[in-house]
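Trainee: Protein chains in written order, with the working numbering: chain Z, 1 to 351; chain E, 1001 to 1368; chain V, 2001 to 2560.
Please note that the accuracy of each hint is not assured.
[What the hints assert, rightly or not] Label pairs and their calculated CB-CB ranges:
hint, chain 1, residue 1, chain 2, residue 2, range
1, V, Val2195, E, Val1010, 55 to 65 Å
2, V, Ala2329, Z, Ala58, 53 to 63 Å
3, V, Ala2329, Z, Pro313, 41 to 51 Å
4, V, Phe2304, Z, Pro313, 47 to 57 Å
5, V, Leu2060, Z, Ala331, 31 to 41 Å
6, E, Leu1181, V, Arg2268, 27 to 37 Å
7, Z, Asp115, V, Thr2042, 45 to 55 Å
8, E, Pro1015, V, Arg2170, 53 to 63 Å
9, Z, Asn45, V, Val2195, 48 to 58 Å
10, V, Ser2047, Z, Leu250, 52 to 62 Å
[To be verified] Where chain V lies over chain Z, by a calculated footprint (3+ residues, C-beta under 8 Å):
hint, stretch
11, 204-210
12, 260-267
The set of hints was computed from the structure by calculation and includes no laboratory data. Computed from a prediction, not measured in an experiment: that's the story for all the values here. For glycine and all other residues, C-beta sits at the position ideal for the given N, C-alpha and C.
The lines below spell out each chain.
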Amino acid sequence: MIRPPVGPKEGIVRRIVLSLLVLGALGAAANAEQLVVYTYRSFVNWGPAAAIEEAFEAAHPGVDLVWVAPAGGPEMLSRLIAELASGGTAADVFLGISAMDLPRALAHAVFRPYDPALIPNLAQVPEDLLFDRTGHVVPFDHGYVTFVASAALREDLVPRTFSDLLRPELKGKIILQDPRTSTTGLAFLLWTVARFGEDWTEFWRAFLPNTLTITKGWSEAFAMFEAGEAPIVLSYSTDAAYAYITAGSLRYRILTPDGEAARLVEGMGIVRTSEKAELAHAFLDLVLSPKVQELIPTSQWMFPVNAAATLPPDFARYAVLPEVPVFLDPAYAAEHLEAWLDQWQQVLGTP
Amino acid sequence: MAAVEVRELVKRFGPVVAVDRLSLAIGDREVVALLGPSGCGKTTVLRLIAGLERPDEGQVILAGQDATAWPPEARGVGLVFQNYALFPHLSVAGNVAYGLRFKRGVDRKARVRELLELVGLAGYERRRPHELSEGQKQRVALARALAPAPRVLLLDEPLSALDAALRKELRGELRRILRDLGMTAVYVTHDQGEALALADRVAVMRAGRVEQVSRPEELYRSPRTPFVASFLGRANLWSGRVVAVDGERAAVEVAGERFSAVRGEAAPGDEVYLFFRPEAVAVGEGPYVAEVERVEYLGDRWEVHARFRGLPLILLVPEPRTPPSGSPFPRPSSSRTGRSGEPVLPPASGAGGACRRSQGGAQPAVSH
Amino acid sequence: MRWRGGAGWALALLPLAFLALAFFWPLADVLRLGLQVDGRWTGDRLSALLADPYVRRLLLFTLDQALLSAAVSLGLGFPLGWLLTRYRFPGKGLVRAFTLVPFVLPSITVALGFILFFGRAGYLNRFLMGAFGLGEPPIRVLYTLWGIVLAHAFYNAPVVARFVNVAWERLDPTLVEAARVLGTGPVRAFLTVTVPLLLPAVLSALALVFVLCFLSFTIPLALGGARYATAEVGVYLFARVYVDFPRAAALATLMLGISLALTYLYLRGEGLFQARAGGVRGQPTVPLLSCNRPIRSLWIGYLFLAALVFVGPIAAVVADSFLRAAPGAGSPTLYWYRLIFSPAWNPFLESSPAGSVGTSLVVAAGATALALALGVAVSWTLHRVRSRALEALLMAPLAVSSVVLGLALLFAFRRPPLAAFGRGPWAIVLAHALIVYPFVVRVIRPLWEGLDPNLVEAARTLGARRLAAFLTVELPLLRGGVLAAGAFAFALSLGEMTAVAMLAGAGVTTMPLAIYHFLSAREFGAASAMATVLIAVTAAAAWAWDRAGARWLGRDHGGR
């Protein structure tokens, strides 16, 4: 009849103990040998990540290839730099650094130099694509960033020039990406700098009203575009091929304003602190192998860098090569990038 | 050896001195009532004994040991709170058994049953406090305080929340239980009836001090201060001067008139109060005349407010006689045998007596 | 009970020491980084920050949207409060319960709901385009300032409604009756008596909503894109995305100052706005639907609008979790539910979906336990030691936004002694506990104050030591409050994303963050399924909170 009441206090103690046990179990689970690869989101949900993982794990039994891709390329690179600065990262390889971001990565010594002898497939990559002359980063794909319009856009509104992009009828119809967090966004920013020189901010000021939103990464933007949220998106010149090959549809039209598009080369490198250099080199070599490179066009929707890789005929037909590829000298861009981003923020800040 | 003794206790709350150099000893198996108006510090004394407050000065001595620094749980006192403070989350049995949790070697079940029988609540074990009447709550509170067999029981206005009839009934029962158990108890109340009925001795408190400690009948008959006199029952207090003494008696001059009174320690020339109870005044043929101002009907008697040569006078007249206005006024009776009802003459101005002149007009019956 | 010398101070020191280590010290790091250049105290960083048009725009936008949100919340919430006070209608209990939901509904699920419901390709636009044969989506509110404002109103209109409802219920109906007897018409009586008397409550609600929206994070993060960022989002972007810690710290310092000032003003104002306690009688109610008062059918219009804003987004989330076509399967499908409980590694989450559910539960349980312990300790201290300064210190985390707190802990967990706890979820547990425990104190403390002090004294005289008295008397009597606070803490921690976004490290992903990642990867089905689970769990916790609350507020249940 008389018993001490069981207070919630005892429940709490039990819960704490339980929590500790669960945490312990979680910690113990991750002990197999891993190769951790940081990349950007779309390389996983579009690109050949799954095929690479399968092939790699088959070639290296007992090794677990772990993709980490919660954000866009530049944001992932920022995170890696922050992790290295604050005492360590789990990443062994970073895949998806653009030529534009290379100076930043080199300045923070993110990568260790690669050993060409351990990457035999590198020999098949054309010289002009090797954008890192310092020997830290090897390219794995390339392509062109430009605007893509959907069939929902009225024919008379389809922009053909930069001044068309400023037409008031396009108000709120274009989805952009943030140059601070997205590779495509950054490519577009540098493109406008290359085209307009000192006056690039003028263009942006006039252009902003036509944007629906500026997403952090390309994935969100393209998904919104596909869902019909807006008829124009900043994306890749291969999107028409993508629509044709996946859906047999010609609903996407590649826009090359004034014949231009931004040249994009993407690379990968081995993180400085990685203790798995051999595996990491094997990974780079695998990505450059013709087998994986041939998956690039129809999954990543980019051009392969391995000259031996053959392009699917439909891809070759619908992927647009611009008349004027725009590519800002990386050294020059690196020098001014911070100032440009500040200016861009300020443009964004003026209502 | 006293069961409970407090020596020179002082307790201040900020600028307020709640208990002011108070000393009191309670003997074994003695029930002492602390009587006083609200705010006189009587509850604080109880809390000091229980250890719920720490005194600023002085000592609390329990069974010969200095317990001033002991925490409440080590003192072995039982406390019945004014609002009972029953644990709402525990049943009646759980409440009574609570104090037994901290004792070893007690058959809790048996003890709970024993106590509930003692207070007449056998069969109520499973009830919750909110399912009990006020009287039942009071009994549970008593049983709970008694359960761990405290060396002293402290009761803080335990009957004040009850209605008059129930209060009287429980008063008798409380008395029986305390006597049967032979408890040492301190009983705080502002109700003189309770104090007089329950206690072996009554300590009248005022402004943090004890004015007088006496057996109930002595307190009533021979108050040593005007405060005690007027706090217990109705009193007439006139200020006057001792003009002559003769053995046990003294002649006091008030308003030009001489009265014979019990002398006490008075000496000729002392400024004193002349004290007599209203019921000591007889109405009828006599040498004095007073003017009736108003009359209150009390059922079995009349309370008459009158003026005698400008001095206020209260007297009681039994039914069915109605005092006619302007009738001859009786003089205070000094002819009865024994001390009961006789005017007492304490000396004024603190000249060796317990009864000082009232301070600061706290005595509306006496004006200077 | 009064101050009791050394023991009291020692008790006060325990939670103080904890807060010093886990809160004040980390916060000092933020201030140091924000206000020091090369070890010298200076306002340079702050003035540089304020000179930056982007930051100025952030602050201006933050202010704009907070003001608009407060206004729109009032517009949507006041009628709801009115409706709940003055009318009887079927389902009133449900509507009243619904006003509680936004208090615990995770904001990321609201953002998701808004995208699914109000998006150009969302349910509402698809329906309208289909119904009226439109070529263009007619509702264009998402991705604009108004999308954020509307989502804030979704959250805060119920707050306004509750304030208005409570104040109105307390209003003495005889005042209006007196006005009517004196010859005023109903409209004039409303305007000259009811409205002025409700004004304090309305102002109080507006102030609270303004503060909440000013410090809003998740909704602008998910709905605003790069153009519509609030200052809190700015701190996050500087710290986590651009990894510019000094700048993040400077902006955080600024926001800390602003939020302290706002909290101070709010607390100062609260006294002024305090609704007068009123009538013994309840407010008279009339049936909402009545044939002889057709004007009341205007309410139908309002309810329709309210349902659109309040029910639409949540319904969209739930519907989408079943209806979104799955790869290789049709619709409806349970594919998304299977996916979110899958233990397979997901690169977007940096964890498995099931792992994020587990982390969430562990974090919420740990945070609840810690918040309860801390909340009870602080309540105990404040109960025994009356000191305004001590109260301000012990309740200080209330005045610090989650983003700033997250930044502080981000720094703290990078260096000793907290670095010893490593990269696990401890930082998040701590952050959540610090966010939630002031609410625990707010629930428990009034109950404790309401407890008869004689109960503890009775226990003491019966032989219980102070701790035993606490465990056997106070704690059981506070149990209802502790349980309610626990349920509330659990729900809040489960749905909290701000601190998680600031602190998430490798492998530590909670459900709200998983939803955000799914949302960012445009995996709507998975996001919706996880959001549905999260809504269900938090709603259950809220229900438990409400039930426990009803029990300890119930008159017949002992004690006072």
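Trainee: Determine for every hint whether it applies to the structure shown.
Mentor: Okay, the hints, checked on the actual structure:
Checked against the hint of 55 to 65 Å, the pair V:Val2195 and E:Val1010 passes, with Cβ atoms roughly 57 Å apart. For the pair V:Ala2329 and Z:Ala58, the beta carbons lie near 28 Å from each other, so the given range of 53 to 63 Å is not met. In this structure the hint that V:Ala2329 and Z:Pro313 lie 41 to 51 Å apart at CB is violated, the actual value being about 32 Å. For the hinted restraint 47 to 57 Å between V:Phe2304 and Z:Pro313, the CB-CB distance of approximately 56 Å keeps it satisfied.
Judged by the Cβ atoms, the range 31 to 41 Å given for V:Leu2060 and Z:Ala331 holds: they are separated by roughly 37 Å. In this structure the supplied range 27 to 37 Å is violated for E:Leu1181 paired with V:Arg2268, their Cβ-Cβ distance being about 58 Å. Checked against the hint of 45 to 55 Å, the C-beta distance between Z:Asp115 and V:Thr2042 comes to roughly 48 Å, which is consistent with it. The given range of 53 to 63 Å is broken by E:Pro1015 and V:Arg2170, whose C-beta atoms sit roughly 37 Å from each other.
The given range of 48 to 58 Å is respected by Z:Asn45 and V:Val2195, whose C-beta atoms sit roughly 55 Å from each other. Checked against the given bound of 52 to 62 Å, the beta carbons of V:Ser2047 and Z:Leu250, roughly 55 Å apart, stay inside it. Figure legend: the stretch 204-210 of chain Z, annotated as covered by chain V; annotation inconsistent (1 residues with Cβ-Cβ distances under 8 Å, at least 3 required). Only residues whose beta carbon comes within less than 8 Å of a beta carbon in chain V count, and the stretch 260-267 of chain Z has 0; fewer than three means the coverage is violated.
In summary, the structure is inconsistent with hints 2, 3, 6, 8, 11, 12 from the numbered list given earlier, while agreeing with the others.
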